[in-house]
Amino acid sequence: MLPTPKRFTLVAGSGEGNTPLTAFDSALLNAGAGNLNLIKVSSILPPQAQYDPNLSIPPGSIVPTAFGAISSSKPGEIITAAVAVGIPEEDTFGVIMEHSGHYPKDEIEKQIKNMVMEASSFRGIPLREIKIAAAEQKVKSCASVFAGLLLWY
Amino acid sequence: MLPTPKRFTLVAGSGEGNTPLTAFDSALLNAGAGNLNLIKVSSILPPQAQYDPNLSIPPGSIVPTAFGAISSSKPGEIITAAVAVGIPEEDTFGVIMEHSGHYPKDEIEKQIKNMVMEASSFRGIPLREIKIAAAEQKVKSCASVFAGLLLWY
Amino acid sequence: MLPTPKRFTLVAGSGEGNTPLTAFDSALLNAGAGNLNLIKVSSILPPQAQYDPNLSIPPGSIVPTAFGAISSSKPGEIITAAVAVGIPEEDTFGVIMEHSGHYPKDEIEKQIKNMVMEASSFRGIPLREIKIAAAEQKVKSCASVFAGLLLWY
Numbered sequence: 001m002l003p004t005p006k007r008f009t010l011v012a013g014s015g016e017g018n019t020p021l022t023a024f025d026s027a028l029l030n031a032g033a034g035n036l037n038l039i040k041v042s043s044i045l046p047p048q049a050q051y052d053p054n055l056s057i058p059p060g061s062i063v064p065t066a067f068g069a070i071s072s073s074k075p076g077e078i079i080t081a082a083v084a085v086g087i088p089e090e091d092t093f094g095v096i097m098e099h100s101g102h103y104p105k106d107e108i109e110k111q112i113k114n115m116v117m118e119a120s121s122f123r124g125i126p127l128r129e130i131k132i133a134a135a136e137q138k139v140k141s142c143a144s145v146f147a148g149l150l151l152w153y
Numbered sequence: 001m002l003p004t005p006k007r008f009t010l011v012a013g014s015g016e017g018n019t020p021l022t023a024f025d026s027a028l029l030n031a032g033a034g035n036l037n038l039i040k041v042s043s044i045l046p047p048q049a050q051y052d053p054n055l056s057i058p059p060g061s062i063v064p065t066a067f068g069a070i071s072s073s074k075p076g077e078i079i080t081a082a083v084a085v086g087i088p089e090e091d092t093f094g095v096i097m098e099h100s101g102h103y104p105k106d107e108i109e110k111q112i113k114n115m116v117m118e119a120s121s122f123r124g125i126p127l128r129e130i131k132i133a134a135a136e137q138k139v140k141s142c143a144s145v146f147a148g149l150l151l152w153y
Numbered sequence: 001m002l003p004t005p006k007r008f009t010l011v012a013g014s015g016e017g018n019t020p021l022t023a024f025d026s027a028l029l030n031a032g033a034g035n036l037n038l039i040k041v042s043s044i045l046p047p048q049a050q051y052d053p054n055l056s057i058p059p060g061s062i063v064p065t066a067f068g069a070i071s072s073s074k075p076g077e078i079i080t081a082a083v084a085v086g087i088p089e090e091d092t093f094g095v096i097m098e099h100s101g102h103y104p105k106d107e108i109e110k111q112i113k114n115m116v117m118e119a120s121s122f123r124g125i126p127l128r129e130i131k132i133a134a135a136e137q138k139v140k141s142c143a144s145v146f147a148g149l150l151l152w153y
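Chains as they are written, first to last, in UniProt numbering: chain A, 1 to 153; chain B, 1 to 153; chain C, 1 to 153.
Accuracy of the hints is not assured; some may be wrong.
If several chains are the same, the list does not tell them apart, and a pair holds so long as it fits within one copy or across any two.
Stated by the list, open to error - In silico DSSO-like cross-links for lysine-lysine, where the CA-CA straight-line distance does not exceed 27 Å:
| no. | residue 1 | residue 2 |
| --- | --- | --- |
| 1 | K105 | K138 |
| 2 | K105 | K140 |
| 3 | K113 | K6 |
| 4 | K113 | K131 |
| 5 | K40 | K113 |
| 6 | K138 | K74 |
| 7 | K131 | K105 |
| 8 | K110 | K131 |
| 9 | K74 | K140 |
| 10 | K74 | K110 |
| 11 | K131 | K6 |
| 12 | K40 | K6 |
| 13 | K140 | K110 |
| 14 | K131 | K40 |
No lab work stands behind these hints, which were simulated from the structure alone.
My request is simple: use the sequences and hints to build the entire structure.
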């Protein structure tokens, strides 16, 4: 089997580029995740995974990641992305949610908090804490925002 | 290399939520795949992989999965998702197909069966059997359907 | 952790099918990647990864892949997909870019080259070479094009 991650961190960033994909790349770099091979996962914090805000991952590593991202080429437009995880009170897994859109940052943070609470209540998991990372950008020419929860070992 | 899966199961489910992503989460839970980290694969049943309808996978595991899903916020709308795999007559790999849309369940099952037959004929693989999982939901407020083939070890 | 890939190849292909997904499957087969379980990565060539144009990967393997793809059901339409990687002068990682659209093949190759140069300049990585794979197809009935950089071990 593929090994289950043991540590995690949350990152977010924004960037501009000449194209939507290079803007996305720039946002990844700004978030500190630009030199990794992110693979998208749906979206569970494994039991006992430890929060490590200083996670250092070698370039080119394959990193399971729950993320939200959005790009825009409309100057002046607001774009935001957020990721959040519900840390359970007890020793069990947690639920991760990701979101993106044209909301202000405080609004998307409120929305994603509600999403984590809804998904945790589906499972009857009482939460000790909700961790959030979000990024907001006003588009200059072509921009992207990214928010991700990186799972690592 | 990443280990090649040895077992598989097919699941499908539907659910409602306050947002498209929590509705998707609810559909995953209904399908029995809500507490996993699904990673999307394109879409081959490895040689000798065994069907195991009672596959039990620990929460937070990273699970290679071929899946189709669709969400809708239009009350009354029908949404369906299906996944199917062609089990080869001989001891070789099989092809997995996924599909989603606004078809009735029996219609999407017919379509996905044809897709598996087409993809198997591309490769000249005679089929012994086609396994299908599908879910249909009439949207109440915000709903999602999911059908996936989970690959495991 | 998931093992970091050590070898890579670039492939591209096109195909027709009765549905967008079987057309995509046909394009994968044409590219020589049809019998694999591709998982999408964002998009770094690991340090010291070796180019191997004759990479032979067993069917059903889980293969980290950066790819672009597009399907169309409009007869006569041109569709193209491209992938490119910047090979660094020095012994470090490289950046992979993918792209798709309705451009002629020489046009998308120019665009993706620029994307790789932009992403490499973000990181201050001088390039020794850019490798590109691209596919172009004029749609007959329902077609797909695919270009991918397969990472392997």
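Verification of the hints:
1. K105 x K138: Intra 11 Å, inter 33 Å, cutoff 27 Å: intra-copy only.
2. K105 x K140: within (17 Å within a copy, 30 Å between copies)
3. K113 x K6: within (23 Å within a copy, 38 Å between copies)
4. K113 x K131: Within one copy only: 9 Å inside a chain, 39 Å across chains, cut-off 27 Å.
5. K40 x K113: Classified as both: same-chain Cα gap 20 Å, cross-chain 26 Å, threshold 27 Å.
6. K138 x K74: Within one copy only: 9 Å inside, 31 Å across.
7. K131 x K105: Classified as within: same-chain Cα gap 15 Å, cross-chain 39 Å, threshold 27 Å.
8. K110 x K131: within (12 Å within a copy, 42 Å between copies)
9. K74 x K140: within (8 Å within a copy, 34 Å between copies)
10. K74 x K110: Intra 25 Å, inter 24 Å, cutoff 27 Å: intra and inter.
11. K131 x K6: So K131 and K6 pass the 27 Å test inside one copy only (17 Å; across, 35 Å).
12. K40 x K6: both (17 Å within a copy, 21 Å between copies)
13. K140 x K110: Intra 26 Å, inter 24 Å, cutoff 27 Å: intra and inter.
14. K131 x K40: Answer is both; intra-copy 19 Å and inter-copy 26 Å each pass.
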